[in-house]
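Take the given structure of chain A and dock chain B to it, following the hints.
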Amino acid sequence: MEELLLRIKKAVMAGEEDEVKELLERGLGRGMEPRRLLEEGMMPAMEEIGRLFSQGEAFIPELLVAAYAMEAGLEVLKPYLGGEMRGRGLVVLGTVQGDIHSIGKNLVRMCLEGAGFEVVDIGEDVKKEKFVEAYKEFKPQIMGLSALLSSTMQNMQPVIQALREVDPEALVMVGGAPITQEFADQIGASGYAPNAFEAALKAKELVERRG
Amino acid sequence: MNGRERMLAAFALKEPDRVPVWEMAFNEESIIKLGRFFTEDLPPMKFAQQMTTEEKLKLVATLFTIVRELELDGITSIGLLGTEPVDKDHVKDGWGRILRISEEGEATAVGGPIAGPQDLKELKPYHPQESDLIMLMAAKGSFGDEIAQVVVQPGPFRESWTLLGSMEKLLFYYMKNSQFVKDLARVVTDYILEVVDMCADLGADIIAIDGDLAFSQTTLMSPAQYEEFVLPYHQEITAHAHARGLLIFKHSDGNMWPIMDGIVEAGFDGFHPVQPQCMDIGDFKNRYGNRLCILGNIDCTYLLPFGSEEEVEKSVKETIAVAAPGGGYVISSSNSIHPGCKPENYIAMVKAARKYGVYPIKIED
Chain A
1 MEELLLRIKK
11 AVMAGEEDEV
21 KELLERGLGR
31 GMEPRRLLEE
41 GMMPAMEEIG
51 RLFSQGEAFI
61 PELLVAAYAM
71 EAGLEVLKPY
81 LGGEMRGRGL
91 VVLGTVQGDI
101 HSIGKNLVRM
111 CLEGAGFEVV
121 DIGEDVKKEK
131 FVEAYKEFKP
141 QIMGLSALLS
151 STMQNMQPVI
161 QALREVDPEA
171 LVMVGGAPIT
181 QEFADQIGAS
191 GYAPNAFEAA
201 LKAKELVERR
211 G
Chain B
1001 MNGRERMLAA
1011 FALKEPDRVP
1021 VWEMAFNEES
1031 IIKLGRFFTE
1041 DLPPMKFAQQ
1051 MTTEEKLKLV
1061 ATLFTIVREL
1071 ELDGITSIGL
1081 LGTEPVDKDH
1091 VKDGWGRILR
1101 ISEEGEATAV
1111 GGPIAGPQDL
1121 KELKPYHPQE
1131 SDLIMLMAAK
1141 GSFGDEIAQV
1151 VVQPGPFRES
1161 WTLLGSMEKL
1171 LFYYMKNSQF
1181 VKDLARVVTD
1191 YILEVVDMCA
1201 DLGADIIAID
1211 GDLAFSQTTL
1221 MSPAQYEEFV
1231 LPYHQEITAH
1241 AHARGLLIFK
1251 HSDGNMWPIM
1261 DGIVEAGFDG
1271 FHPVQPQCMD
1281 IGDFKNRYGN
1291 RLCILGNIDC
1301 TYLLPFGSEE
1311 EVEKSVKETI
1321 AVAAPGGGYV
1331 ISSSNSIHPG
1341 CKPENYIAMV
1351 KAARKYGVYP
1361 IKIED
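So the protein lines, in turn, are chains A and B. The numbering of the first sequence is our numbering, which starts it at 1 and goes up by one. The numbering of the second sequence is our numbering, which starts it at 1001 and goes up by one.
Honestly, the hints are just simulated from the structure, not real lab data. Owing to the predicted nature of the structure, the values given are computational and were not obtained by experimental measurement. Each hint should be verified, as a subset may be incorrect.
To be verified - Restricting the straight-line Cα-Cα distance to at most 30 Å, the calculated cross-link-like pairs of lysine-lysine (BS3-like) are:
| id | chain 1 | residue 1 | chain 2 | residue 2 |
| --- | --- | --- | --- | --- |
| 1 | B | K1317 | A | K10 |
| 2 | B | K1351 | B | K1317 |
| 3 | A | K127 | B | K1169 |
Next comes chain A alone, as it looks inside the complex (with noise of 0.2 Å):
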């Protein structure tokens, strides 16, 4: 059981996405459960990059073989998660208005599914009525905001206010390039990450907190 663990670990590092399936086929044929496959074999595989990642061992195209492989394994355990797939939380995504760019929305989506959330991606351009919609619809454990440039980061601010409308509670993260902590403070944002990885810890440590 152990290294079966241990081979699902190494083919999601790897990027082996018909490895990663098959090796999830072998233990569910074996009677392990499904939660424990993705919370002991594929997680701790996106867990280790990310410490490569900030070690400077990894890069972007290793983060993505592996985020793939891991999207490729979470489809073969949905089925038999059903309900549980929420795990850790729903997260709903989106770049704000005006910013048309997605790479640093998708790390973070992966680094996040890769840390047991389950993302709703709401897409580019999102205007801050859709970002309210997507709130009551689907009613996140977080909200993240993306920017890309420093004029369509002042789009931030009254997508966070007009979610407080609706629920003066909800958590809301912001990110991307032109971001610090002290322009998330600013504008009233619950959390703040540097990187895609780290996006995904603070996402945690916030569910968390709230308990």
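Chain B in isolation, oriented as in the chain A frame:
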């Protein structure tokens, strides 16, 4: 010295009479906002792709007025590949790339003519037309050899990922199909070499190889991946530019430290913009100042959009004190003058560069 001589001296890592002032890019909105300080004859506020030919000419004329009034030492032209409209937000270029027009700056590729390795054989390479370089021809006609003629050309990394319509896809193939990445780089490098030839024929002085290779934390690819997938093509392009008598520099936002040695090895003459949030200009000057001309570093993320004119002056003074002594520095913003930058602050930046940038640099603490 004229502007061209000043820029060329900086690229030769020598001290000109004063620090050259140049800018990588302005866009429609910032040209019009800055233009208001110097002329009333302005085009309407809209994207170039939505302008009539007459309005586009007026936009270019306004940019020339700004360059002339502010006595900039160089002008940057971009390739204007013909596009055809797809719908109100999208256009298609000569390669078949679908570009989304953005309120906030350059059009961004959202769809490519190829989806993956299986389509590469069918890809019809686009060959540059002289009309793509109409801006360079106009700039050369207007300024001649008085100021440096810089042309921006996306590098092999950017040309490759935009043909796939997504950077993630290209970086995925770095891990999964290295031959495809190299075959695609070959196709786009051949195109870039043709563009370089055309720039040389039309009298350009300097080529700027565009396309970010990093973000605020680190590079998009590892140093080993840069060496395998980008460096050989960069070397080919810089060698070709030099053979045609051109200077060439690399532009990339973000923290480029992990691959800076590779940028030197690739044969570039300069590096822009040494983003102040992630690269210290003093460190950069110490480590690369004797091998690369430094361009940029005046913050356009917070300072130029939100700072005061006094803060801009202070930053220019401090940056010149660190980067300019000994030569090899061209002052500019840390990316471009985008719509968020206050035009007053840009003008303050140029004025401060003139005030503190006279050689020999004498700035007291």
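A quick look at each hint next to the structure:
1. Restraint check for B/K1317 and A/K10: the C-alpha separation of about 52 Å exceeds 30 Å, so the hint is violated.
2. Restraint check for B/K1351 and B/K1317: satisfied, since their Cα atoms lie roughly 11 Å apart, inside the 30 Å limit.
3. In summary, the hint linking A/K127 to B/K1169 is supported, as the alpha carbons are separated by about 27 Å, within the 30 Å threshold.
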